[in-house]
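Undergrad: Spelled out from the first residue to the last, the chains are:
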Amino acid sequence: MYLRALSFFALLLLLPLTGYSQVIEESLSRSGSIYSGFGSGMPVDINSSNTNGMGLSGVATYSPFAPSLSNPAQWGKSEFSQGQLTLGLTNYRTSDNFASAQNSRFTFESFQFVFPLLRNKLGASISFTPYTRADFARVNQGVLESADFDTPVDFITTTVGAGGINRFELGLGYQLNDNISIGYAGSAYLSTLTEELSTNFSDLGFQRTGRPSQIDKEIKGAGFGNRFGVYTEADQIFGSVDRVSVSAAVNLPINISTERSFETFRVVEGLNERVELNSTDGTIKLPLEFNGGVTYYLNPYHSFAAEYLFQNWGESEFSYDLSEEGFYKNRSKIGVGYQYQPFMNQQNSGFLSNFRYSIGATYDDGHLTFDGQNIETAMLHAGLTIPSQRNRSSIDISFNYGVRGTQSNSLVKENIWGFKLSLNLAEFMFLQQRFQ
Amino acid sequence: MITAFMVLSLFFSITSCNNEGVVGSELTQGEERIETTTYPVDDINIVSDSGFAGLLEYSAIGIVNDPVYGTVTSSSLLKPSITQNEIESFADTLSLSLVLNFNPERYGDTTSTSQYDIYEINERWRGQEIRYNDPVTIDESILIGSFQVSGEDSVRVPISSAYTERFRQFFNDTTALRDSLYRFEFPGIAIVPAQQNNKIDFLRYQESIDDTSSTLVTRFLVETMQDSLIATLPVQDHANSMSRSNIPDNSDGIVLHNTLENIMNVDFDFTQEEFDGKEVINAQLIFNVDTAPQTTAPLGFKRLGNEFLRGHTFDTEPFSLHSEIFARQAVVGSTLDDEENLYRITVTQYVIDRIYGELETTPLYITNQGNNGLYISTKLMGTDAAENMRPRLIISTINPDN
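First to last, the sequence lines map onto chains A and B. The first sequence: position 157 = 157 (our numbering), numbered continuously. The second sequence: position 12 = 1012 (our numbering), numbered continuously.
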């Protein structure tokens, strides 16, 4: 008990360190997907920690060992208070027809706390998750030519993007009966998209005070969202111990009113001052999202899941750059997965029987298209869950490997592998165990 | 738990950043962020003034009839020093002569021979106050010396015994008022060109020393009757008495003289709105040189080449423009691009201050070369010249919105 509590707080203490690691890395190189530099960033797959190993959101996969991020309806089934924290490490090896680069990124994935208001009837959730993430470094080089210049001036512009849109969500789930649960969550979407544009010139006369020009861009704003979920399950479908769950969640479109500003340092009349180049209001509209899935439990040890995610990015808006908005397209993602839970069988005694194993595959046709070429992502996933022997806490470790994009049409191909670690703590602040 | 963090640590240790080039440069186009825009510069005026003509590095003597820049007549005014470093008294047996050291570059018909006469100045010495186009009066009734110059490096001219005798009296004066009496009462001499001259020679007054040699300057010699050198007396004070006349119409261009007779005043009229959302990274003021004066010059006629332009700005309009320009460091400048025959003056900070600043800064005052006693003029293409030759401002900006 005390060990778990200490572990949880240790993880909380690690949060600032994750931020620190990001700061360190910013000075070296941005390391996310280059495609996150378009519009409001790359959409983040919000998976429940127990289904990360399948690469699925878990909309139809309920686990008493981990709270659900994907379906508010599952919160009504909560028996114990649960908390979850997920950290991730993703490596990108990017290449186009001319060059390649490799970078890594350590990220905070999500935090969630679910607690039952009425055990197995009404549960509430509070969570903080990224919705989109911009995390990239772009380099453009060119030549500034004029008949009046002594020589053409070469320049290199480095754009380092960071931030994204984060979701802070509060919601309730209610179990209507043994077969149906419903849920709702209201959320605040907070946008903080930043870019540092640094330009070096071959002619020092273009670099005032001998330093490259640096312009900071920031898009800040907030909007409100609504998410609904339904979870249905039925048992004894094809046999005496099987069970099936069919569930869906809908996230309504979100309008985020934002303000974009460009700032830089400028020496005016001998004074170095930070000035705002301009500031404009705009709108970021996030898409309607439908996430549906079916999970079939052959028995308590074997389960199969299939999911479909649709986001109508084609109707989304990024008013600051209509050309980037033009790259948006509707996004569909499908995935299948399998989980094996030998630890549920009390008669298994081998070491390998202490875990849950997950594998899965996903295909995402992407939310961006360039000249008709979709930025697709195909991934394989695997995971290992280490459940507690004494309670419903667990640790989820998942791996994924895949490919995004292509080198054709002057695009960029990204070979991605990642690692996620989730800590799921259940009932750690409740008295129930003391009575056991 | 410990295992999980060990795995995470392992992943940290095996990952690194490794860039082998620019990935995705064709995916994103950022070149259009940098823009270069040409603005015509129409608000140009010539301010007439006259720079100081005393105690400069050179002193000009001669007459030149320049078909572009007018007739320049210049006499050199100078006065020997009465310093007693080398001799304590000027004996009756000693004579005085003047050694004139010339700048190798001449202005005008360099093939001609010039005739010069030396007279006394007919007014109280005011060497430090003399300005161009402010000639002093000369007593041409008493000739002190005369000489001719073709292309020599130096000329030695004996000074008349009458003038030497007057100088001896001041030199040997032992009263307490010796220095002040000499400064105000003893007349300097003027080296005056004969009217038929068509060349200007420049006397050297500033010694330049390098590793191998030192350049001698104009000075006086104290000698015995047998021409044995007893002492060298430096020139205590010197100045130019210069006037320019018969100035042709140059309204098709912009004429600048390093004597500060013509000072260019350039003003820009920008609004912040024009640069809204942009960052000014470079601004260059371009002036093309009008090469016609060079190509139409008579055979053998040479001018001293102009090599740079400089610009001054002031917080408030100066009371004495030539004084401020003479005394202050230029804020901008440009050397001549002799291939393109133009000047590129980087005025980035000035433009930024004009666009975003709150102070009422003055326009940019542009002068040529430096006021050093040489006569250097240049003609720049004016606002009515061909579009690609007019004065223009090239402003480069970053527009992060692109």
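No lab work stands behind these hints: they were computed from the structure. Computed from a prediction, not measured in an experiment: that's the story for all the values here. Don't take each hint at face value.
[What the hints assert, rightly or not] Derived SDA-like pairs (lysine to any residue); straight-line CA-CA distance at most 20 Å:
#, chain 1, residue 1, chain 2, residue 2
1, A, K217, B, T1397
2, A, K217, B, A1297
3, A, K220, A, F290
4, A, K285, A, G326
5, A, K217, B, K1302
6, A, K217, A, Y320
7, A, K217, A, D321
8, A, K285, A, N179
9, A, K285, A, E79
10, A, K217, B, D1109
11, A, K329, A, E276
12, A, K285, A, D45
13, A, K220, B, G1277
14, A, K220, A, E196
15, A, K217, B, N1402
16, A, K121, A, N179
17, A, K121, A, E79
18, A, K217, B, V1280
19, A, K220, B, D1109
20, B, K1302, B, E1032
21, A, K217, B, E1152
22, A, K285, B, Q1196
[To be verified] From the derived model, a few chain B residues whose C-beta atoms are all more than 12 Å from chain A:
#, residue
23, V1023
24, E1057
25, G1070
26, T1083
27, I1087
28, E1123
29, L1143
30, S1245
31, G1277
32, E1279
33, E1307
34, G1357
35, N1388
36, N1399
37, D1401
The beta-carbon is built from N, C-alpha and C at its ideal position, and this holds for glycine as well.
Undergrad: With reference to the structure, classify each hint as holding or not holding.
TA: Here is what the structure says about each hint:
| no. | hint | result |
| --- | --- | --- |
| 1 | K217(A) to T1397(B) | holds (16 Å) |
| 2 | K217(A) to A1297(B) | violated (58 Å) |
| 3 | K220(A) to F290(A) | violated (26 Å) |
| 4 | K285(A) to G326(A) | holds (13 Å) |
| 5 | K217(A) to K1302(B) | violated (57 Å) |
| 6 | K217(A) to Y320(A) | holds (12 Å) |
| 7 | K217(A) to D321(A) | holds (13 Å) |
| 8 | K285(A) to N179(A) | violated (35 Å) |
| 9 | K285(A) to E79(A) | violated (36 Å) |
| 10 | K217(A) to D1109(B) | violated (64 Å) |
| 11 | K329(A) to E276(A) | violated (33 Å) |
| 12 | K285(A) to D45(A) | holds (18 Å) |
| 13 | K220(A) to G1277(B) | holds (17 Å) |
| 14 | K220(A) to E196(A) | holds (15 Å) |
| 15 | K217(A) to N1402(B) | holds (12 Å) |
| 16 | K121(A) to N179(A) | holds (12 Å) |
| 17 | K121(A) to E79(A) | holds (8 Å) |
| 18 | K217(A) to V1280(B) | holds (16 Å) |
| 19 | K220(A) to D1109(B) | violated (73 Å) |
| 20 | K1302(B) to E1032(B) | violated (47 Å) |
| 21 | K217(A) to E1152(B) | violated (68 Å) |
| 22 | K285(A) to Q1196(B) | violated (87 Å) |
| 23 | V1023 | violated (5 Å) |
| 24 | E1057 | holds (30 Å) |
| 25 | G1070 | holds (31 Å) |
| 26 | T1083 | holds (45 Å) |
| 27 | I1087 | holds (54 Å) |
| 28 | E1123 | holds (46 Å) |
| 29 | L1143 | holds (54 Å) |
| 30 | S1245 | holds (37 Å) |
| 31 | G1277 | violated (4 Å) |
| 32 | E1279 | violated (6 Å) |
| 33 | E1307 | holds (16 Å) |
| 34 | G1357 | violated (4 Å) |
| 35 | N1388 | violated (7 Å) |
| 36 | N1399 | violated (9 Å) |
| 37 | D1401 | violated (7 Å) |
Of the numbered hints listed earlier, those contradicted by the structure are 2, 3, 5, 8, 9, 10, 11, 19, 20, 21, 22, 23, 31, 32, 34, 35, 36 and 37.
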